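Participant: Counting in the numbering used here, the sequence shown runs from 1 upward without gaps.
Everything labelled a hint here was simulated from the structure, so no lab data went into it. Since we're looking at a predicted model, the values are computed, not measured. Glycine included, every Cβ here is placed at the ideal spot set by N, Cα and C. Be aware that a few hints might be false.
[Said to hold, decoys possible] Keeping only pairs whose Cα atoms sit at most 25 Å apart, straight-line, the calculated SDA-like set for lysine to any residue is:
hint : residue 1 : residue 2
1    : Lys127    : Asn190
2    : Lys56     : Ser143
3    : Lys101    : Val61
4    : Lys210    : Glu336
5    : Lys106    : Phe72
6    : Lys210    : Phe318
7    : Lys120    : Thr168
8    : Lys363    : Tyr444
9    : Lys303    : Glu336
[Stated by the list, open to error] Ranges of calculated distance between the beta carbons of each label pair, as one might list FRET restraints:
hint : residue 1 : residue 2 : range
10   : Ile348    : Glu272    : 17 to 27 Å
11   : Lys120    : Lys363    : 55 to 65 Å
12   : Glu479    : His335    : 18 to 28 Å
13   : Ile348    : Ile281    : 26 to 36 Å
14   : Asn362    : Lys407    : 11 to 21 Å
15   : Arg8      : Lys460    : 24 to 34 Å
16   : Ser285    : Leu409    : 17 to 27 Å
17   : Gln437    : Thr235    : 43 to 53 Å
18   : Asn159    : Glu296    : 51 to 61 Å
19   : His335    : Pro118    : 51 to 61 Å
20   : Gly410    : Ile451    : 20 to 30 Å
21   : Pro452    : Phe318    : 34 to 44 Å
22   : Asn234    : Pro452    : 47 to 57 Å
23   : Pro307    : Ser38     : 14 to 24 Å
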Amino acid sequence: MVVRFYVRDWVSASAAVGLLKALEKLGQEPKEFIDGNSLIFEEKDIIEIFPSAFTKKLIDVSSQKNPKKDSFVDRAYSVLSFLQKNFYSNSPLSNPSSVPKRLEEKSKELEDLYRSDPDKAVFELVKRFVGDTFKKILERETSDHTCFFCGERKASIHNGEPKTFEATNFTPLSASPNTVENLFYNGKNNLYLCSVCEIVFYFAGFGFTKVDKMDNRYIFAYVSDIKETLRLNNTLEYYKGFNKEFVTSFLKDLEHHKSRWILENIYIVEVEKVSKVQSNIYSFSIPPRVAKAMKEYLPKYPKTLEPVFNEFLKYIYFGRSLYQLLFEILYGYFHEEELPDSKDSKKITDALRLGMRLAKGNKGLYPSLLFLSKFQEVVEMKDKSFVEKQVGWAYREGLQLKNALLKELGDKALDRIRSISYSILEAIRRRDIDAFQQNLIRAYLSVEREIPRVFVDALKDESFSRIAYAFLIGLNGTERREEDGGEAEETMG
Numbered sequence: 001m002v003v004r005f006y007v008r009d010w011v012s013a014s015a016a017v018g019l020l021k022a023l024e025k026l027g028q029e030p031k032e033f034i035d036g037n038s039l040i041f042e043e044k045d046i047i048e049i050f051p052s053a054f055t056k057k058l059i060d061v062s063s064q065k066n067p068k069k070d071s072f073v074d075r076a077y078s079v080l081s082f083l084q085k086n087f088y089s090n091s092p093l094s095n096p097s098s099v100p101k102r103l104e105e106k107s108k109e110l111e112d113l114y115r116s117d118p119d120k121a122v123f124e125l126v127k128r129f130v131g132d133t134f135k136k137i138l139e140r141e142t143s144d145h146t147c148f149f150c151g152e153r154k155a156s157i158h159n160g161e162p163k164t165f166e167a168t169n170f171t172p173l174s175a176s177p178n179t180v181e182n183l184f185y186n187g188k189n190n191l192y193l194c195s196v197c198e199i200v201f202y203f204a205g206f207g208f209t210k211v212d213k214m215d216n217r218y219i220f221a222y223v224s225d226i227k228e229t230l231r232l233n234n235t236l237e238y239y240k241g242f243n244k245e246f247v248t249s250f251l252k253d254l255e256h257h258k259s260r261w262i263l264e265n266i267y268i269v270e271v272e273k274v275s276k277v278q279s280n281i282y283s284f285s286i287p288p289r290v291a292k293a294m295k296e297y298l299p300k301y302p303k304t305l306e307p308v309f310n311e312f313l314k315y316i317y318f319g320r321s322l323y324q325l326l327f328e329i330l331y332g333y334f335h336e337e338e339l340p341d342s343k344d345s346k347k348i349t350d351a352l353r354l355g356m357r358l359a360k361g362n363k364g365l366y367p368s369l370l371f372l373s374k375f376q377e378v379v380e381m382k383d384k385s386f387v388e389k390q391v392g393w394a395y396r397e398g399l400q401l402k403n404a405l406l407k408e409l410g411d412k413a414l415d416r417i418r419s420i421s422y423s424i425l426e427a428i429r430r431r432d433i434d435a436f437q438q439n440l441i442r443a444y445l446s447v448e449r450e451i452p453r454v455f456v457d458a459l460k461d462e463s464f465s466r467i468a469y470a471f472l473i474g475l476n477g478t479e480r481r482e483e484d485g486g487e488a489e490e491t492m493g
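Could you put together the complete structure from these sequences and hints?
Facilitator: As structure tokens, this is what we get:
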């Protein structure tokens, strides 16, 4: 009997991708199970193929070393315990109160195999356990309620109630009416679940890619085509998450396939596990204007800003202005002595810490910091060549004023520059153009120079941030070589 699993959203897509990855690990061809935007397979496959696929993929992703000194059951349980720490910690496949006992019962039939081939015996024991679990799910009686996910089969009955997609078995991808009441109609979970869909959903953990072992973060990319979704997540798994190499390569790949689907249809889901029973789920898409800026600028991402790369990604994916990130860096630079000097301080962000490190280096501010400004302006659909020209000009004006102050005031110049910088940074924070102009006037008068006319004309509301930040960085800038080896002037574009 042929059965079908429909892919209609990112949750069902993660289950479908997880199943396809597991089948591929077993040597099966994923495309043989894809029909349009759904999966098709024989019902007998659930018992004959799925347990082996689940087990092989689970052993692969769990990376359990299984020390030889552990017992047969302990080695098998260590594989299944991966689920307790990651996905579906209380599912029938990972419930800590029942799994060890069930493994113990099944291990007796495989003791001879364990003595001759321990690894094969562990695989076989886990496979039999998974297969037995799937079989019991399929053998449940059915209710009168139609499955919410396929709309074809009847929901099974479990513990006297219709089975639903709920928090007990499906954390972190589901919730309960007690914790997220507005997710359910009248506070009742109506996400009824048939046995076939339930089994496929247990593969969802394989669809996500773990990107941070310490923070327990997982990501999943979804588009409206299951083949492309599988391909995208295979790319994610290859690069192991959001790092510079991944993003640049990923976006080049997207550009190559832009004729097949639109950038704005990419949907990214991130799961952040807080504990076994609590998780945060974030989702976002990549608008074309952001993708265009990423494609244009990410290959040039400066070494100076590498400590805040993860923060940079969060800002652009969640639509926050990069000027705020730049402000934090500069605040850390100018207020380094006032901030707690502790790597463990939760109050110190990576951006503040970068600014503090630059201040301690006494090398001045590199123009590469203006990468953030230029990227933000392009995201806001400003003309790239005009922005780079204007930012470069403002930076050079700041640097020339610094040199003039050093020539005019000598040793007193640094204190004067710092005083002006504090006032300018505060004016930027308040978006106070008048205060910024007054500080410019005082600074230029102190070296008996006129403020360039083009400066006054350019200081309009829409260009204030990029000019003010560029000038401030130039005023505290350096003509030394960049940390990444390039000339400072060359980074201005």
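Participant: Evaluate the given range 24 to 34 Å for the C-beta pair formed by Arg8 and Lys460.
Facilitator: Cβ of Arg8 to Cβ of Lys460: about 48 Å, so the range 24 to 34 Å is violated.
Participant: Is 47 to 57 Å right for how far apart the beta carbons of Asn234 and Pro452 are?
Facilitator: 54 Å, holds
Participant: Does the hinted range 11 to 21 Å hold for Asn362 and Lys407 at CB?
Facilitator: 20 Å, holds
Participant: Is the hinted range of 43 to 53 Å satisfied by the C-beta distance from Gln437 to Thr235?
Facilitator: Once the Cβ atoms are compared, 49 Å apart, the range 43 to 53 Å for Thr235 and Gln437 holds.
Participant: Keeping to a limit of 25 Å between CA atoms, is the pair of Lys210 and Glu336 held or broken?
Facilitator: 35 Å, violated
Participant: Starting from the hint 51 to 61 Å, judge whether the C-beta atoms of His335 and Pro118 obey it.
Facilitator: Hint holds: Cβ distance 60 Å, inside 51 to 61 Å.
Participant: Does the Cβ-Cβ separation between Lys120 and Lys363 fall within 55 to 65 Å?
Facilitator: At roughly 60 Å between Cβ atoms, Lys363 and Lys120 fall inside 55 to 65 Å, so the hint holds.
Participant: Given a hinted range of 17 to 27 Å, is it respected by the beta-carbon distance of Ile348 and Glu272?
Facilitator: Holds - the Cβ-Cβ distance for Ile348 and Glu272, about 21 Å, lies within 17 to 27 Å.
Participant: Check whether the Cα positions of Lys127 and Asn190 lie no farther apart than 25 Å.
Facilitator: 32 Å, violated
Participant: Check the hint pairing Lys56 with Ser143 against an upper bound of 25 Å on the C-alpha distance.
Facilitator: Violated, at about 33 Å.
Participant: Is the gap between the beta carbons of Ile348 and Ile281 within 26 to 36 Å?
Facilitator: Given about 27 Å between the Cβ atoms, the range holds.
Participant: Does Glu336 lie within 25 Å of Lys303 when you go C-alpha to C-alpha?
Facilitator: Holds, because 21 Å separates the two Cα atoms, which is no more than 25 Å.
In summary, the structure is inconsistent with hints 1, 2, 4, 7, 15, 16, 23 from the numbered list given earlier, while agreeing with the others.
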